[in-house]
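Colleague: Keeping the supplied structure of chain A fixed, place chain B upon it in accordance with the hints.
Each protein sequence line maps, in turn, to chains A and B.
By my numbering, the letter at position 87 of the first sequence is numbered 87, and the numbering carries on one by one without gaps.
By my numbering, the letter at position 156 of the second sequence is numbered 156, and the numbering carries on one by one without gaps.
Just so you know, the hints here were simulated from the structure itself, not pulled from any lab data.
Watch out, some of these pointers could steer you wrong.
[Unchecked claim] Computed footprint of chain B on chain A; a stretch qualifies when at least three of its residues, placed anywhere within it, have a C-beta under 8 Å from a C-beta of chain B:
#, region
1, 231-245
2, 256-267
3, 300-306
4, 325-337
5, 340-353
These numbers were taken from a predicted model, which means no experiment stands behind them.
Beta carbons: idealized from backbone N, C-alpha and C, even for Gly.
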Amino acid sequence: MAVIAYVMGTFVLFGFLYWNLSTWEVGRFRSLLELQALGISAYLEGQKNLSLEDKAYNQAYRLSVSGLFERDGSYAQGNLHEIPSSLLLDGKAHLILDPNVRSKRGFATQTLFVGTRLPDQRILVIGRETPEVAVLEEAVKRVFMEGVFPFSLVALMIGAFSSRKMSGRLRAAQQQLDEIKRGALHERLTISNSNDELDSLAHSVNEMLAQLEAAMHELEHVGNNIAHDLRTPLGRVRAHLEQVQSDFVLPLEAQGRIEQALNNLDQSLNATTALLRVAHFEAGSTDTHFSEFDVSEMLQELVELYQPAAECKAIELVVRNETEEFARGDRDLLLEAFANLIDNAVKFTPERGMVEIRVMSTLQGPIVEIHDSGPGIPANQRNQVFKRFYRSRETRHAAGSGLGLTLVAAIIRLHGFEVEIKDADRGCAFLVQLFRRTR
Amino acid sequence: MRRLGSGSASASDRGRGRKALSVDKASQPGFSPRAKVLLVEDDEELAGAIIDALAKRQYEVLHICNGSEGLSKVGEGGFDILVIDRILPEVYGINIVQELRRQNFNVPVLIISALDAVDERVLGLEAGADDYLIKPFSLEELGARVDALLRRPLQSSATKLQVGPLTLDLLRRTAFRGDEKIELSAREFQLLEYFMSNAGRLVTRQMLLKDVWKFHFVPQTNVVDQHISKLRHKIEGGSTSRFFLNVRGQGHIFDHHG
Chain A
1 MAVIAYVMGT FVLFGFLYWN LSTWEVGRFR SLLELQALGI SAYLEGQKNL SLEDKAYNQA
61 YRLSVSGLFE RDGSYAQGNL HEIPSSLLLD GKAHLILDPN VRSKRGFATQ TLFVGTRLPD
121 QRILVIGRET PEVAVLEEAV KRVFMEGVFP FSLVALMIGA FSSRKMSGRL RAAQQQLDEI
181 KRGALHERLT ISNSNDELDS LAHSVNEMLA QLEAAMHELE HVGNNIAHDL RTPLGRVRAH
241 LEQVQSDFVL PLEAQGRIEQ ALNNLDQSLN ATTALLRVAH FEAGSTDTHF SEFDVSEMLQ
301 ELVELYQPAA ECKAIELVVR NETEEFARGD RDLLLEAFAN LIDNAVKFTP ERGMVEIRVM
361 STLQGPIVEI HDSGPGIPAN QRNQVFKRFY RSRETRHAAG SGLGLTLVAA IIRLHGFEVE
421 IKDADRGCAF LVQLFRRTR
Chain B
1 MRRLGSGSAS ASDRGRGRKA LSVDKASQPG FSPRAKVLLV EDDEELAGAI IDALAKRQYE
61 VLHICNGSEG LSKVGEGGFD ILVIDRILPE VYGINIVQEL RRQNFNVPVL IISALDAVDE
121 RVLGLEAGAD DYLIKPFSLE ELGARVDALL RRPLQSSATK LQVGPLTLDL LRRTAFRGDE
181 KIELSAREFQ LLEYFMSNAG RLVTRQMLLK DVWKFHFVPQ TNVVDQHISK LRHKIEGGST
241 SRFFLNVRGQ GHIFDHHG
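Pulled out of the complex, with its shape left as it was, chain A reads as follows (with noise of 0.2 Å):
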């Protein structure tokens, strides 16, 4: 862009200058040529017999052609041997093109006539050539030419080469920080120590990356450490409940508060596991097991396995697919995640309600919806129950940590995938993509 307007520019400067002093040249051609013509009748008047032929006469006035015409137009004498057509004989130079007329190098050029009457009536015409407005024309061409349009032609090829290199290092950086995005966190810009300003940033940006990827890892780093800090105490806590409860013969008030702390502490124990986990996977370093694999047959599995908690309630629990379809991911970590949402949706639903999973085929990829005619979520809450330890009030009561979704999120978003809750009639919907959205 900024090339053609270059060029633009200095076309339009080129003829701009042109234009100016050729009017300039030939205005005070004009003027010059007809106070010549005033002069010459004056000078012609009764002296019958001045031959406009004279060299000497021609050279002192600078004149390329002169004749003088008797009152009906015929010739009379001089170089000239025709009143050109077009001319006015007003005594006021005129531009004419007159092809009989060619200048000493050969080319026609445009020739300023003055045509005067004389008082006897005669005419006299006398004409300048303008060679040097020719020439400028010329000169402005030839720079034209052999200057501005080579230069300008290898500025745009530069220009255009130098933007291709340019938009393709900004989209190398553009996969390379979706593919960051994805979690690749090692992954770094590619720096073409050309020493521009997307150099810099790209530096900007590594130095960031880095400090990302240290803190991730402290973070993973400090994770494993509870996990591991944590679970052994706890595990010996369990260990030592488990022999008292064995080990003694215990009334049976005694053994019902053992199985009741156990209890409880399991449910800790499945709080911290699923809080490390979510943590895991937002630092998404999970990508060595992805495979390809059968969506449908994996939700058969888990309507299968969910079908008597189902029955329990009466609730109809049901796959439709159109087709087969396949998504590519960890097939362990996604059959958790919808293991969850149709343990939702299951335990939401009231009795003799319906869970309806349907598997619907796009064009990108598989979508699968989770509907159930339970009590659904109002708008205003569909954006929190991803969040950890979010729970309705109206669903407080119910069994679990309050992280099934949030775990949930964090496996759908590890894959790059997207989960979101949709409008339904009545009850709601869980809608996830199995697709990396493509922009």
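Modeller: Showing chain B alone in chain A's frame:
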């Protein structure tokens, strides 16, 4: 992991005491241990509890505290099963397993670990471990898993399973109670097969999810029990026979309980 001064010393004494006890028992005439277990675990308090639980199941247990000693003990051979902590001083449990498999030792290995990310589980199994248990686990679960690992080779040769009046034909995929045929779904058949081949022993929900469903997570709702109650209804229904014994909070023991 940090040792806890005097507390841990007494715990380790206790651990050794238990070990001596089980070995003593083993050396008594008329007592033959079911199998020899090598336990490599640096947490002595937990190790004590594990030894205790396994000894109750008639296992002879040798306890080693660190990885390198564990590795050399394993090399000597003579153990039927290994229970190894994932993270140990000196040599990691996972490296012990790798080394063992490299040297073509086929002894079954159960890895126990406080790390539970999916990656870690996969790593453990990829290294050549046969099973994986996440801390903290119930001692019953551990015992049940050890039982199951030691039973594995026997299971594959049988074509018919029999528990009391129940017969399961593994080739024809049919189930009979006496002369009466029981109609089972494919999953119910698998479940019953698992219970019958583990008759008399505790089968936990985690074991069923892992071995029957091949799922590596524990669902929030207790869906396994609902499958079991359906199965129980089919095989006990209309008769006085009782097969499933519910162990509260643990799982079920399948047998002909009369």
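Colleague: Work down the list of hints and note, for each, if the structure agrees.
Modeller: Going down the list of hints, with the structure as the test:
Here the region 231-245 of chain A counts 11 residues with a CB under 8 Å from a CB of chain B, which clears the bar of 3, and the coverage holds. Closer than 8 Å: that is the beta-carbon criterion, and the region 256-267 of chain A has 4 residues meeting it against chain B, so the requirement of 3 holds. Counting residues of the region 300-306 of chain A whose CB lies closer than 8 Å to any CB of chain B gives 4, which reaches the minimum of 3, so the coverage claim holds. Restraint check on the region 325-337 of chain A versus chain B: 5 residues with Cβ-Cβ distances below 8 Å, three needed, restraint holds.
Counting residues of the region 340-353 of chain A whose CB lies closer than 8 Å to any CB of chain B gives 4, which reaches the minimum of 3, so the coverage claim holds.
Of the hints listed earlier, there is not a single one the structure fails to meet.
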